[in-house]
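**Q** Read off the chains here:
2 protein chains.
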Amino acid sequence: MNAPFDDWDDVSVSTVGAREAPALAPVKASDKRVVNGHGDINQLAPFRYPWAWEYFLTANRNHWAPTEINMAQDVQDYHHKLTPAERHMFENVLAYLTTSDILAMRNIGLAVMEKMTAPELQIYQARQVFEEALHTWTYQHCIETLNLEQEEIYNRYRVVPAIHGKIVLANRRLEKILRSDLDLSNRETLHEFALSYLFFAGIFEGCWFYNGFSPIFALQRRGLMKGTAEQFQYIMRDEVLHCAFGLRVIRELMHEENLVLDPKAVAELWMEADAAEEAYAHYILREPILGYSADLHLGQFRFVANRRARQIGLDEPFLGAKATLPWLDEQANLRKEKNFFETRVTEYQTGGSLEWD
Amino acid sequence: MNAPFDDWDDVSVSTVGAREAPALAPVKASDKRVVNGHGDINQLAPFRYPWAWEYFLTANRNHWAPTEINMAQDVQDYHHKLTPAERHMFENVLAYLTTSDILAMRNIGLAVMEKMTAPELQIYQARQVFEEALHTWTYQHCIETLNLEQEEIYNRYRVVPAIHGKIVLANRRLEKILRSDLDLSNRETLHEFALSYLFFAGIFEGCWFYNGFSPIFALQRRGLMKGTAEQFQYIMRDEVLHCAFGLRVIRELMHEENLVLDPKAVAELWMEADAAEEAYAHYILREPILGYSADLHLGQFRFVANRRARQIGLDEPFLGAKATLPWLDEQANLRKEKNFFETRVTEYQTGGSLEWD
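Chains A and B, in that order, give the protein sequences. Quick note: to get the working numbering, add 300 to the position in the first sequence (first position is 1). Quick note: to get the working numbering, add 300 to the position in the second sequence (first position is 1).
Some clues are possibly wrong.
[To be verified] Looking from chain A toward chain B, a few residues come up when the C-beta cut is under 7 Å (computed): (1) Leu324; (2) Pro326; (3) Asn342; (4) Ala345; (5) Arg348; (6) Asn360; (7) Trp364; (8) Ile402; (9) Met405; (10) Gly409; (11) Pro419; (12) Arg427; (13) Val429; (14) Gln450; (15) Arg479; (16) Ser480.
[To be verified] Stretches of chain B that chain A covers, calculated by requiring three or more beta carbons in the stretch to come under 8 Å of a beta carbon on chain A: (17) 345-356; (18) 410-417.
[Unchecked claim] Heads up, simulated DSSO-like pairs for lysine-lysine below, C-alpha to C-alpha not over 30 Å straight-line: (19) B:Lys622 - B:Lys476; (20) B:Lys476 - B:Lys564; (21) A:Lys476 - B:Lys328; (22) A:Lys381 - A:Lys526; (23) B:Lys622 - B:Lys564; (24) A:Lys526 - A:Lys622; (25) A:Lys328 - B:Lys476; (26) A:Lys476 - A:Lys564; (27) B:Lys476 - A:Lys476.
Hints listed in this document are in silico derivations from the structure and should not be mistaken for laboratory results. Backbone N, C-alpha and C define an ideal beta-carbon position, used for all residues, glycine too.
All chains should be modelled from the sequences, with the hints used to inform the complete structure.
**A** Here's what the structure looks like:
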């Protein structure tokens, strides 16, 4: 090895947040932090968060592509078997999802990832950014296969208030943390960042996405749109990881920064999300379809929301909410295997206060 | 479909750059732009840049994972067959690459992607961000398999001036365009952005990476370190796409914005890159190894640099440079198939002034 050399002025540009004289010694794991770290962002190991690396490896093992799934029967089902009410539901769910996953990509890629100061966290998020793009590809594949009018579908979130309402909530949170020069050493800003990340991981991905495929799964359970539903099962498996990872990061962040979330702000988060979901459920299911309804949809949202709250050590927002779709968690279990991240979490969670159902 | 509704104040937050009253009509492809666009970033289709979507699909077809490749013989080779000079070369190439790919991930994920105002461009870049993370995983896999001291390897770029020099150049370019509020309607800033992106796509990925695996391929050609070399062939295939995509985006950008790159600034880019590469080549090959030398390395760098310049419609910076590693392009042709993006580019390039060798 060569001896260290003198001209280190430029090294500081390679670190995030560190403008002081750089250390030449290897990075210590204990120097790493979720945010506000001064370690060298270019050095992957040693890991402070080895679980983040495991998430990355797991996500890679889960690799799939929409073109692998047979959609032939879906074309028949869509055009010849679905009722008008079912087609209305199907199209609007798809319209909501297309917009949502581009937004999710931008959130994690542009707002969250850059604030992380440990490369192993960025590495999983890089995979996550790609997965959101993969999901967008999936919707595009469904739209093309079913020969839907893509421009109309993509634009629907700007025309339908009940879809628009959910996107607006998400965009508000995204806007608040998008700036690259966000000062996370400011306690108020840090709190805002944690709330926004909680919204995206816990609600947007953990509830809205997790439960967002349910109306399609209800068709699948009756033997309809099975190709689309299988696509969505793969997406759901990814989203379960995104949610679990995000909540884990937020817990670490709260621990490291000694941050307590304001219960009033959190309650507002849940209530806003609930109101938007209620309007959405009533719109996509304005006419009942066999085996599914707006009430079932909203009941399951609240049941899942309670689970997400517990995972982050918060009080349940919807007291007494019961599972209205008891088959949903099983549906998440792709190919009837155990859904590792939803059911066997003890290996992934060190905090004793946290449980998954 | 529902009628449009009134409360559109919030819609503007969902668009990039557009603060005027939002249009409710579907996005028109002709409204999209590489940067400075006012279209709705949340609507994927209709595509203005269908080639970007094709890049995304091609990249997905190229999917691979480092754990699929047999590394057993490499462990033997590394510890029992390589000479000290070969081990010195191998370790320092690996050390350079580990740092480089994290930097590449941050560049495309944090500096470039957010400036794009057409979602189909962001979609490919989302895949690219992931591929850089996949490459980082590959180096980590090699380091673990060969039982190298990972902390020392990761830190080497801060200790070895010849490695540090290349990283500093890259970090300078990254710093210039990292801010999320970069005003690309300012001509000077736009020029700086184009130059930085040209550096990353054309030099960092298109020359340094493209030619960066050559010393390892020289071992492979003698039957040594074949597992590592196969890993690097997969990485090289990805990098070829990254480079081709980036140069295509820059050409579109120059066309749309009527931007001409300052020849003096471009010349400086090449000369800086050449000087850094020369120091690096002499360091990793301070003692010659069988079938490879610093002169061969630098000669090939200049030959490839000329190709990149032609691809973007610029003059060749290194007049008369000849291929010193005639086998390198063939090496890029994984499994001896045609390397689609290096040799059959007519379908991917509409500009008549652009040729690939």
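**Q** Tell me, which hint numbers fail for this structure?
**A** Result: hints 5, 7, 19 break, sorted rising.
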